[in-house]
Structures are given as C-alpha cells and as structure tokens.
Amino acid sequence: MVVCGDDGLAHRLATELRGVYREQVVLVVPPSRRTPPQPMAGRARAASAALFGRMVTAVNRGTGDADDTLVPDERVMEAAEPTEAVLADAGVDRAAALALVYDDDETNIRAALTARRLNPRLRLVLRLYNRRLGQHIEELLDQAAELAAGTTAGHRDGHGGHGGHGADIATTVLSDADTTAPALVATALVGTSKVVDAEGLLLRAVERRPPRPGEVADPGLCTLALLSATSNDPAGAEGSEDSGDGPRLLPDAEAVAAATGRGAVVLEQVSYSGPPLPARRAGVMPFASLFSARLRWSLAGLVAAVVALAVALIVVTDDHPLHAIYITLLDLFAINDPAVDAPLGQQVLQLLSGLVGLLLLPVLLAAVLEALGTFRTASALRKPPRGLSGHVVLLGLGKIGTRVLTRLRELHIPVVCVEADPEARGMAVARRLRVPVVVGDVTQEGVLESAKIHRADALLALTSVDTTNLEAVLYARSVRPDLRAVLRLYDDDFAKAVYRTLRTAHPAALTRSRSVSHLAAPAFAGAMMGRQILGAIPVERRVLLFAAVVVDGHPQLEGRTVAEAFRPGAWRVLALDTAARGDTAGAEPPGSGLVWDLPDTYVLRAGDRVVLAATRRGLAELLGRRTRSPR
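Read in order, the letters of the sequence shown correspond to residues 102 to 732 in the numbering used here.
Please keep in mind that the hints were generated in silico from the structure rather than gathered at the bench. Hints may be right or wrong, so weigh each one.
Said to hold, decoys possible - For each label pair, taking beta carbons as the anchor points, the in silico distance ranges come out as:
{"no.": "1", "residue 1": "T184", "residue 2": "T605", "range": "46 to 52 Å"}
{"no.": "2", "residue 1": "E240", "residue 2": "L400", "range": "51 to 57 Å"}
{"no.": "3", "residue 1": "G192", "residue 2": "S133", "range": "18 to 24 Å"}
Treat the numbers as computed from the prediction; the structure is a model and nothing was measured. Glycine included, each C-beta is placed from N, C-alpha and C at the ideal position.
Could you build all of it, start to finish, from the sequences and the hints given here?
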C-alpha cells in the first residue's frame, strides 16, 4: 500500500493500514519543516498553559499510536510533490493500492492520472473536496483502467474485486469533510441522527438515551452499539480505542437484553434514497425580506387605518363601498376637493385622512430606502440578530466547517459563524444560506460576545489551529460553564487528553474532542482494501463502518444463514441487494432491489451482495490477508 499526503490524515491512514489490516505501507510525505510553534494570544493564555501542563503527562503516557508515529516496518519517503519519479520510487507499479490524501484537489488529481498510467491495475483512493468533480474523475479513471487492462469488470456494477479474486481496479473518491461532518453535527446536538448516504443507499442511526423505569425502548431495525455506562458523566463517557471501558459495538441479543441503564445506537432506516436532487438556484428574494419587522408593522397599521376610515365614510354618507374607498384614498393623498359644504362627520373624516396621509409619506420613503439597502447588501454578510438564543456557534469556515454549516442548516438549526479570513472557503456558502457571520479573530476581545456565546446552546470549534480551538472553548466555558462544546484537534491522543481534562474541570458540561483524521481514516483504509465503503459513523471514540460486500469468496458469509454469519463485535449483515443478481422479488421498497428485513434463516449465496456493518478489525478479519509475493 502506498499513501501520499501532507497532513495528519496520511499518517493516520498509514497507521490504520499497518496496525489494523497488517499491510506493508510506503508513506510519502513532504520534507519535515522545523518551525517554532506560534505563541498563544488572547484571554485564555494562562488557563491554556496550565491545561497544556496537565495534559503533557497524559500524552506522554499514550500507547505510541499517535497520528504522526511511524511503525518500525513502515517505509517513509520525503518528497515535496508526488511526481512520476517519486511515485515510481515508491513502487506504485507493483503496489496493490494508492491513497492520495493531499489537502489540494489538483495535486491529488494530477498524481492519480500519473499513477494510473504507471499501473493500470492499481486501486486508487482519492481525497477530493469537490464532490461533482470527484464523480467525473472517478468515472474517467475507471474507464481508463478498464481500457488499459482490457477488462470490463469493475466498479460500476457494484462487483468490486474481493480478497484477490479477479481484477480490482476501482477508483474511490472520498472527502474527509463529508465523512466527518455528520459525526461533528451529531456530537454537538443531542438526539441528532447519524446518516450515511452513498450511491443512493441511505442508512440512518440515532443515539438513544437509556429508557426510564417502566419504559420500553424502541429496538429499531437492530442495535449497532451499546454506549459506555458511567455515573459521573450525564452524557455518557467516552473511552479510548484501547482502554477497554468504551462502547460495545455490534452486540448480540443477549448483551442488549442485559444492558440495563445504557444508551444505545440503533439503526432506524435502511432504504434507497435515489440520486441526489440538483441544488436549487437562488430565486427571487422574498418580499418579506426586503423590509424589517418594524417597518412591516407600520405599513400594516396604516393599511388598517385606511380601511377604518373607509368604513366610517360608508357609515356617515351611506355611500357605495368602492366609491367610499376611492374618496378616502383621494383625501389620503390630499388630491380631493375640500368638504366645505359637506356634513360635519365627512369633514372630520377628511381631516383624519389628510393626517394619515402625512404619516404615510415617511413610512413609504423608509420602505423605499430600506428596500434599496437590502438589494445593495444582499451579497454582504448578515450580523447576528439582537435577540438570538439557543443557536450553535461555529468557529472556522474551512473545508470541515463549511460541510458542518451545510448540515446544520439542513436540520434547520440556527447558526452563527466566526471566521477570521474574509476570503475563507465557506463565506460564499454563508451568504447563500443567509447565516450570520462575525468576521474576526476568535482570540480577540469581543468576538465571541458578538456571536452571542452567552446565549448559545453549543460551540463547535473547527478551525485548523488546535490552540485556537482550545482557547475558544476555555473562554466560552468561563462565560457558560454548562455550554456544550466540541473541539476539532489534530492528534487523537491529544484529543483524548483534552477531553479527559475538560471533563474533570467541568463535570456538569458536555465536552467532546474530535480528531478529523481519526474519524476519516477508517473509511479511506477500507476503500484501499477494495471494498465499497458506504460511510462511517462514530460511536463515542470508536468508528463503525458500513460496506457493500459480495458474498462470493468469503467463507464467513457464503453458505451461511444470516444468524450464522453474524459475528458479535466484528460484523453484522444489515440488508441484501437483490438487484445485484437481477432478482428484485420481495424487495422493500418495490423496485429498489434492497431487502433489509432478512430472516435469520436466509442462506447467503455466492451471487449475493450484502450491506453490512463492521468494526475496523472485523472488516480486516473478513477481508483476510493478501498473499504477497517474495518480491
């Protein structure tokens, strides 16, 4: 396996392949840059320094599997760019798979085209942020591989190679932002569903709290995991990957029945979602958004006054309603003749109409000016409303922050963003979604206050600088000790140390620390092994993978019933794709080709393609080790 990248995802992916799948890995990274760390600035410098001091011991006591730790048998190359010479030196022409996880899409595409030319049978895994471009690149590289290898089998019919059977030259395009955004949103919002939506297949899981005495929990389709059970953490404690006190993944029926007082992650839905709908173009600005609420109430009051004057004129003069309204409007705009010889009531109404007309003039002028100002500032950023509360404060509008912002707005959750760079990637998305944005450095005075942090429900610190995220959470906790906070941190060991320290300092608050590379690496590693990885969901500090696997060639699945194929803690068959063998009888929903309510007595056949949930080590065991040549 060859892994090329320039950030923590490359190191974590290499560790995943070597430690979980026992693969030989060549890691290509840029030359080491010895730069002094940037000093922390702002309000929480002293508190951050103290917290770092408390966490040094915890980090030093780690197991040694940090993102940037290299295993002894791993070959490491340093190269500024993945040129043809570098890829050839890394052995791409003899490799089984290549992962290109540079932060720049253009670098990954250029290297993928070069690698496909060097080895047409190479399995490629690309990290691309642009999803539409990724679909086209995936089709192009697969087509080039099929033409060069002279085979028509491959990725498009869903029968990717498995365990060394046949040609497996598929190209998989993944995005760490898409992989981690649902996890971050679900972590910040209690009760949020965890959704995996890939290639028309929709899987929805939800985290459920322990049932109260006398209540019966809804089992859903199946229980994917049992959460940690502790008494000192109201939201459920998070164990580490190797501590043994974390959640229990893919439990059997006996374990679920015996797990009293423990929360669970339950699978709620498995269905075909169909192709995603194209994004709607920005339409005409709604009329109500042109004017403020105060101005709209003023206009409504004037309209009510005109109607009242017209009704009064009808009562006084016994005139026709349409004529009475016409006369009232003439009086209102001061273009009617004076009612000198008219009865007293009509004269009074004419004076009142003139007075209302005087009041209408400034309101109409204000409406015109406000509408012009709204059109003029339609492309500008909105400011947080004065009375905003119960919202989510999102720090950072980079790749991850932009995807998280889109997810939050899809759930109709109010958001206020904070970004220091006016030209950041997510600024255009914030304008399109009309989300309030505070432009400024979060470490400076008044920035978090402008985002109404004291009335927020949750804080998502997703900038690319660990110290900035940590400082923002420390200050937010000083303002709101019970604030729900989620940090994005570079290293998983460091994230665990931050979590434990903050949980000790603030036991009544919900704190979650997340490493993006830790969340995304399992999906990339599974794709390098030649499986169609549909997605991954986090269960506390662990990861559960969803994959589509062809039964043929897997003795753990072929010829076994669904109950016999279930391995607690390793993998579980969730659904059967009958469309893969051209038999859709009994599918649910009709015509989808998917059967999720399989009986335990159903025997899996060689032509079946199943959707299963698996742990990382379970998927590695199911795949088995490849037979390597002495070369």
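Verification of the hints:
1. T184 to T605: 46 to 52 Å: This hint holds: roughly 48 Å between Cβ atoms.
2. E240 to L400: 51 to 57 Å: Taking Cβ atoms as reference, E240 and L400 lie about 54 Å apart, which means the hint holds.
3. G192 to S133: 18 to 24 Å: 22 Å, holds
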